[in-house]
Amino acid sequence: MMSYKTFLNRWDRFFFKPQPVEGIAVFRIVWCLLLLAYLFLDIGNITDFYGPKALLSLNTVKSQFNYPHMNLFHLFGDSVPVVMGMMWIYGIALFCGMIGFKTRFSLVIALVCMVSFHQRNIWLLSSSEVLMRTIMILLVCAPAGNALSVDSLIGRFKLNPLPRDWAPWALRLIQIQISVVYLWTVWHKLKGDHWIDGTAVYYATRLHNMTNFPVPVLLDNMFTIKLMTWGTLILEFAMGTLIWFKEFRKPLIVAGIFFHLGIEYMMSIPFFEIVMIVLLINFVTPQEMRSFVSSYILKVKEGIRSSTIADDLKGRILILLS
Amino acid sequence: MNKVKKIFVSAFIVFNFLIMARVHLPLDSKFFSTIYGPVDSYTRFFSSFQDWLMFAPNPSRTNYEISAEVEFLDGTRDSWFFPRASELSIVGKYLYGERYRKFVSEAVRKDENKFMWKDTARFALRKIGENHFDKIPKKVHLYRHWEDVPLLSEGMRTHGTRPDKMNKYRFFTHEVM
Numbered sequence: 001m002m003s004y005k006t007f008l009n010r011w012d013r014f015f016f017k018p019q020p021v022e023g024i025a026v027f028r029i030v031w032c033l034l035l036l037a038y039l040f041l042d043i044g045n046i047t048d049f050y051g052p053k054a055l056l057s058l059n060t061v062k063s064q065f066n067y068p069h070m071n072l073f074h075l076f077g078d079s080v081p082v083v084m085g086m087m088w089i090y091g092i093a094l095f096c097g098m099i100g101f102k103t104r105f106s107l108v109i110a111l112v113c114m115v116s117f118h119q120r121n122i123w124l125l126s127s128s129e130v131l132m133r134t135i136m137i138l139l140v141c142a143p144a145g146n147a148l149s150v151d152s153l154i155g156r157f158k159l160n161p162l163p164r165d166w167a168p169w170a171l172r173l174i175q176i177q178i179s180v181v182y183l184w185t186v187w188h189k190l191k192g193d194h195w196i197d198g199t200a201v202y203y204a205t206r207l208h209n210m211t212n213f214p215v216p217v218l219l220d221n222m223f224t225i226k227l228m229t230w231g232t233l234i235l236e237f238a239m240g241t242l243i244w245f246k247e248f249r250k251p252l253i254v255a256g257i258f259f260h261l262g263i264e265y266m267m268s269i270p271f272f273e274i275v276m277i278v279l280l281i282n283f284v285t286p287q288e289m290r291s292f293v294s295s296y297i298l299k300v301k302e303g304i305r306s307s308t309i310a311d312d313l314k315g316r317i318l319i320l321l322s
Numbered sequence: 001m002n003k004v005k006k007i008f009v010s011a012f013i014v015f016n017f018l019i020m021a022r023v024h025l026p027l028d029s030k031f032f033s034t035i036y037g038p039v040d041s042y043t044r045f046f047s048s049f050q051d052w053l054m055f056a057p058n059p060s061r062t063n064y065e066i067s068a069e070v071e072f073l074d075g076t077r078d079s080w081f082f083p084r085a086s087e088l089s090i091v092g093k094y095l096y097g098e099r100y101r102k103f104v105s106e107a108v109r110k111d112e113n114k115f116m117w118k119d120t121a122r123f124a125l126r127k128i129g130e131n132h133f134d135k136i137p138k139k140v141h142l143y144r145h146w147e148d149v150p151l152l153s154e155g156m157r158t159h160g161t162r163p164d165k166m167n168k169y170r171f172f173t174h175e176v177m
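Protein sequences, first through last, are from chains B and S. Yeah, the first sequence ends on 322 if you go by my numbering, and it's all consecutive. Yeah, the second sequence ends on 177 if you go by my numbering, and it's all consecutive.
A couple of the hints might just be wrong.
[Stated by the list, open to error] Result set (DSS-like, lysine-lysine): computed pairs, CA atoms no more than 27 angstroms apart in a straight line:
| hint | chain 1 | residue 1 | chain 2 | residue 2 |
| --- | --- | --- | --- | --- |
| 1 | B | K191 | S | K30 |
| 2 | S | K6 | B | K5 |
| 3 | B | K17 | B | K191 |
| 4 | B | K62 | S | K102 |
| 5 | S | K127 | B | K62 |
[As the list claims (entries may be wrong)] Residues of chain S clear of chain B, computed beta-carbon distances all greater than 12 angstroms:
| hint | residue |
| --- | --- |
| 6 | M1 |
| 7 | T43 |
| 8 | Y64 |
The hints are simulated quantities; they were obtained by calculation from the structure and are not laboratory data. The beta carbon of each residue, even a glycine, is placed where N, CA and C say it ideally should be.
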C-alpha cells in the first residue's frame, strides 16, 4: 500500500518536475496548423452552417441553450460580416499561436472563436471537435510559446529569455486525456456484442455514408474482419495503458499512426483520425523533442553559416538561434 | 512553482479527472448532479462532455438519409437530398460531408429534435428554390430514409455497396403559405 507521502511525492514528480518546453512548443505549432487547415476548409460553409441562412437559425440554437455557454454569435449576431470577421480573427489568432507571437493571448482568442463556431450548430459536430475544445483549453494553460516562437526570440532580443523548463502538468493532462479517449472507447465497446463476436468492423464499414475508399479483399473476408475488430480493441487498450511504459511507447506511437491512417483510408471520419495522430506527438518525451529541435536548429545554423547573406545579418541570426 | 500555485493547479488537475470520469456516473442521478454541479456547468459552457462512444457499444447498423420535397403552387414538385457523403469527393467529405452525415443520422431524424425540423425544411426549400426562381412554393415535406444493414447470418454485403432500397417516411411538413 502506498503511503500518503509517497503518493504526494509521485504526484509532484509526475505533474511538476521541470521538463524542457520544446515538446509542448512543437505540439503548439502542429496543432495550430491543423486547426488552420480545418478553418480554411470551413470558409466554404459560411452560408450553410454559420450565416443568417444557415441550416439552423441562431434563434433555434439559442432556444436549446438555457444555461451559460460560450458563443460570441449570441452577442454579435450571425450576419455574414460578423461570421467573416470572426473567421478572420480566429485565423489570425491561430497563425499567431502557430508562430508563437503573444502566444497565450492568441490561443485564448482562438479558443473563444473555436468554441463559438462549434456551438453555432453543435449538432453537426463529432468527437473530433470535442477533442479540439478540450485540448485547446489545456494548451492555453501551458507556456507553449516559450520555445520555437516569436515570443522567445523577442525575449532573447530584449536579453530577457523565457524559461526553457516548465512544470509539465498541462502536458500530462493532455497525455492522460489521450489515454482516456482510448480506454473509455474500449470500455464502452466491450459492452457491445459485435465487438466481442468480431463483427463490429463489418457493420461499421457497411454504413455507406461513412465509407471512404473501397477495401475489397480485407473487408469482405470474415477472418480479416474479426482480426481487425479484435485488433482494434487490443491496440486501443494498449494505446491507453502500455504507451506509458518506456519499452512500448515508440512502437505504440508508430502502430497508432498506422491504425489511424488505416481508419482514415477506409472510413470517412474527417479530422478525428488526424487529430488523434497529432495528439500522439505529446508522447514523444520533452527531452527527445529538445534533442530533435536542437539538431534541427544546428542544421539551420550550418545553412546560414554557409549562405551568402551579409556577415552582420548572419551574426545576428546566429545569436538569436543560439 | 510555489506551493500555493501547486495546490491550485492540483485542484484543476483533479477537476479535469472529474470531467473525464463523468460519463461513467449516472447522468440523471440527483446525487451526482448535485456534487458534479461545477463540473457540469463547465462542460456545458464549453460543450465538452466526454463520452468517447465511437462505434460503441455496437456500431450503428442503420444507414440514414434525409430528403426534402417541395410542392409548388402550380402542382409541380421537386426534391433534394441532404448531401450524402458516399456521393461526395474526398474534398467534399472533408468540407461538409461528415457534418451533414452527423446532422442527418444523429440529429434531425430523431423525434426528440423536432425543434430543428422547421429550420431544416426552410433550408431545403432555399436549396431547391435555387433552381426554381419562377415558382411559388406551397409546402415542404421532410422524409427519413433508412435501411438496416442485413445481419451477417443473412449473407455478407460487399464493402462499398450502396443499399438497393431504403425505407421512406414523411416526418414533417412545413406549410410555406
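Taking the hints in turn, this is what the structure says about them:
The straight-line distance between the Cα atoms of K191 of chain B and K30 of chain S is roughly 25 angstroms, inside the 27 angstroms bound, and the hint therefore holds. Among the hinted pairs, K6 of chain S with K5 of chain B is consistent with the structure: their alpha-carbon atoms are about 16 angstroms apart, no more than 27 angstroms. Under the criterion of a C-alpha separation no larger than 27 angstroms, the hint pairing K17 of chain B with K191 of chain B is inconsistent with the structure, at around 38 angstroms. A C-alpha spacing of about 20 angstroms is found between K62 of chain B and K102 of chain S, which places the hinted pair at or below 27 angstroms, so the restraint holds.
Between K127 of chain S and K62 of chain B the alpha-carbon distance is near 24 angstroms, which keeps this suggested pair within the 27 angstroms criterion. With a closest Cβ-Cβ approach of about 5 angstroms to chain B, M1 of chain S is found to fall inside the 12 angstroms limit, against its non-interface label. For T43 of chain S, the shortest C-beta to C-beta distance to chain B comes to about 10 angstroms, within the 12 angstroms cut-off, and the non-interface label is violated. Not every CB of chain B is more than 12 angstroms from the CB of Y64 of chain S (nearest about 8 angstroms), against its label as outside the interface.
Comparing the model with each earlier hint shows violations of hints 3, 6, 7, 8; every other hint is respected.
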